[in-house]
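**Q** Chains as they are written, first to last, in this note's numbering: chain A, 1 to 197; chain B, 198 to 412.
Honestly, the hints are just simulated from the structure, not real lab data.
Misleading hints may appear alongside valid ones.
[As the list claims (entries may be wrong)] Take a look, some chain B residues computed to stay more than 12 angstroms from chain A by CB distance: (1) THR203; (2) ASP216; (3) LEU219; (4) THR223; (5) LEU230; (6) ILE231; (7) LEU237; (8) SER305; (9) GLY318; (10) MET319; (11) LEU334; (12) PRO335; (13) ILE358; (14) GLY400; (15) SER405; (16) LEU406.
[What the hints assert, rightly or not] Reference excerpt, derived from the structure (chain B facing chain A, CB under 8 angstroms, subset only): (17) ILE263; (18) LEU354; (19) LEU367; (20) ILE371.
Positions of the beta carbon are idealized from the N, C-alpha and C atoms, including for glycine.
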Amino acid sequence: MTSLLTAIGQHIILAYGGFLISAVLGIGSGVIALKSRWIKVSLIMSTSLLQAIPAFTIVALIVPFLGIGFLPALVVIVVATLLPVVRNTIIGLSSPDPILIEVADSIGMTWNNILIRVRFPLGIRPIFSGLRLSSIVANAVAVITVFIGSGGLGSIVLEGLVRFHTPGILAGVIPAIGIALFADVMLRYAENRLAPL
Amino acid sequence: MNLPVTAIHHVWILHQMTDQTLVHLTLFFTALLIVVILGLSLGIFSGISHRWGGILIQSLNIIEMIPDIALLLLLIPITGIGAVPTITAAVLYSLLPIVRNTSIGLLSVRPELIENGTALGMTEREILMRIRLPLALPLIACGMRTAVVYTMGIVTLGGIIGARGLGAVLQAGITRNNMTVILVAGIWIGILAVLMDLIAAGGERILSLKYGDRS
Chain A
1 MTSLLTAIGQ
11 HIILAYGGFL
21 ISAVLGIGSG
31 VIALKSRWIK
41 VSLIMSTSLL
51 QAIPAFTIVA
61 LIVPFLGIGF
71 LPALVVIVVA
81 TLLPVVRNTI
91 IGLSSPDPIL
101 IEVADSIGMT
111 WNNILIRVRF
121 PLGIRPIFSG
131 LRLSSIVANA
141 VAVITVFIGS
151 GGLGSIVLEG
161 LVRFHTPGIL
171 AGVIPAIGIA
181 LFADVMLRYA
191 ENRLAPL
Chain B
198 MNLPVTAIHH
208 VWILHQMTDQ
218 TLVHLTLFFT
228 ALLIVVILGL
238 SLGIFSGISH
248 RWGGILIQSL
258 NIIEMIPDIA
268 LLLLLIPITG
278 IGAVPTITAA
288 VLYSLLPIVR
298 NTSIGLLSVR
308 PELIENGTAL
318 GMTEREILMR
328 IRLPLALPLI
338 ACGMRTAVVY
348 TMGIVTLGGI
358 IGARGLGAVL
368 QAGITRNNMT
378 VILVAGIWIG
388 ILAVLMDLIA
398 AGGERILSLK
408 YGDRS
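If we strip away everything but chain A, and leave its shape as in the complex, we get (with noise of 0.2 angstroms):
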């Protein structure tokens, strides 16, 4: 039983650790975005194709680049977090009324006090669902990329399937589910502590 316990550890780890850096880099480069029309438009065209592409595509096609193992597999995450969350971030802070950016603006406040105390309080509903969504990719990735030996639940659901042994399928994939429930109820709980209203 350790080993499943092990596995749930690695795979948290991995999902998870994906999860937060494409969260960090998502809301980062959508404020990058709001700085330059140019590059909210191209960042909007590239994610929009880019979320087309199979997840399982992206798992195999990280191999000849990156080799197999964990790294790759985080990576993998990453890619395949990202988009939810830039582009739900662009659109969550450029999402408040431009006449409250305006105002902000007349009485003194700098770009970064309207960043963060108008347009960040303001957009968060939508960056939050862009997180939430993420988090269901990241645990979903993490199970496939171990076709490309990350370890973590995946092995354990893979051992099943190989073996054709149904509980040994389900005893890699119900810990998954509960994590990915989980994780979504902690960021509604965040979400609604954040948001303003």
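Fit chain B to the known structure of chain A by using the hints.
**A** For chain B alone, kept in the frame of chain A given last:
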């Protein structure tokens, strides 16, 4: 330049990729057809009946939270392996965007427009068919685009549970550690997926120009 072309040709023939592409697209379009028909009917139903519609969308939300690969594998004990669980998982997973967008689209039509219809003596049914549904089309098309992406993802994943298709080629490439196979199959799936998405995006754009409520 000669070498890569020969290598790609070799991989293509060896893994019967013309055949596998056809299988892949058949799986994809079968699932998509079922999703669209089922999704539209369930969406219209939940746009009309508030209580049951809410319950339906909530349960679809829960399915959505299950990792796609887990959903696929959980179906194996029920349906066996191959095309059936793949199509079932694709349908279950892609229903939510269509049902939700159809229902929101029907419910978010401006009340004045519905009143206009009533004033003209239209029945409930006529209001649905001639006012609410056409105005909901852009949002429905947006849901369908998401469904296209989800379905493509699950059909590709179906390769690991014996559904054939291009996902199976990709998996063969990974297990044999054959970079050429991975690159050829992976890039080809990527091109197909982006193409399908672009077609769906085009449809969405046309519908929203034609039926979008601009006011």
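**Q** If a hint holds in the structure, say so; if it does not, say that too.
**A** Against the structure, the hints come out as follows:
1. THR203: 18 angstroms, holds
2. ASP216: Consistent with the label, B/ASP216 stays out of reach of chain A, its closest Cβ about 19 angstroms off (over 12 angstroms).
3. LEU219: 18 angstroms, holds
4. THR223: 17 angstroms, holds
5. LEU230: 19 angstroms, holds
6. ILE231: 19 angstroms, holds
7. LEU237: 22 angstroms, holds
8. SER305: Given that every Cβ of chain A is farther than 12 angstroms from that of B/SER305, nearest at about 17 angstroms, it holds.
9. GLY318: 40 angstroms, holds
10. MET319: 36 angstroms, holds
11. LEU334: 20 angstroms, holds
12. PRO335: Check passes; 17 angstroms lies beyond 12 angstroms.
13. ILE358: 7 angstroms, violated
14. GLY400: 14 angstroms, holds
15. SER405: B/SER405 clear of chain A: closest Cβ-Cβ about 15 angstroms, beyond 12 angstroms.
16. LEU406: At roughly 18 angstroms from the nearest Cβ of chain A, B/LEU406 sits farther out than 12 angstroms, so the non-interface label holds.
17. ILE263: 5 angstroms, holds
18. LEU354: Holds: closest Cβ of chain A sits about 5 angstroms from B/LEU354, inside 8 angstroms.
19. LEU367: Given a least distance of 5 angstroms, the restraint on B/LEU367 holds.
20. ILE371: Hint on B/ILE371: holds, closest Cβ of chain A at ~5 angstroms, below 8 angstroms.
The structure fails to meet hint 13 from the earlier list, while all remaining hints are met.
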